Amino acid sequence: MKGIVGILNYALSKEIEGRNFYKEKSEKVKTKELKEVFTDLGEMEASHVEFIKNLISNYEKNNSLDIEVPEEDDSIFFKREKIDTITGKAEDLALDLTVLKMGYLIEEDFMNFYKNASEKIEDLEAKNVFNMLSKWEKVHRDVLYNLYKQLSDEYWDDMGFTPLY
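Residue numbers (the working numbering): 10 to 174.
Derived from the structure by calculation, the hints contain no laboratory data. Computed from a predicted model, the values in this text were never measured in an experiment. Hints are not guaranteed to be accurate.
[What the hints assert, rightly or not] Restricting the straight-line Cα-Cα distance to at most 20 Å, the calculated cross-link-like pairs of lysine to any residue (SDA-like) are: (1) K11 with E100; (2) K144 with K11; (3) K158 with E100; (4) K129 with M141.
Start from the sequences and build out the full structure, keeping to the hints where you can.
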């Protein structure tokens, strides 16, 4: 029991950190389209926070992780996976790309944390929950990577330079 609750408490703190990151950055990024993506991500991370709180509560009361799993409403998120036109200045986009990369790294970290937890825990119920959470974070990571790649390519095309990385 102690191991599962410890993992969930750590996960809760990471999800709160992610929620706060996206909320803060959605107010600071200049690119309108990224503001919308970060707002959506902040809302998704907030739902993860509530879900994990419920998991902890149910596990402490019933020694079970069997709770209703909310469907992640990522339909709006996927509509924005590809941005057709970018509004704003190149300087703003350069700064926003840095923030976008940070978001990608956060999601990569979350995905790996849950994946590692699922591989190390023996409880089948917990293993399934952590695998599901890892898949949610993978979707976020992949969308952010695709946006980063698209916007980065566009930025470097505008600059007339292609970095070697």
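Evaluated hints:
1. K11 with E100: 49 Å, violated
2. K144 with K11: 24 Å, violated
3. K158 with E100: 17 Å, holds
4. K129 with M141: 15 Å, holds
Hints 1 and 2 from the list above are not met by this structure, while the remaining hints are.
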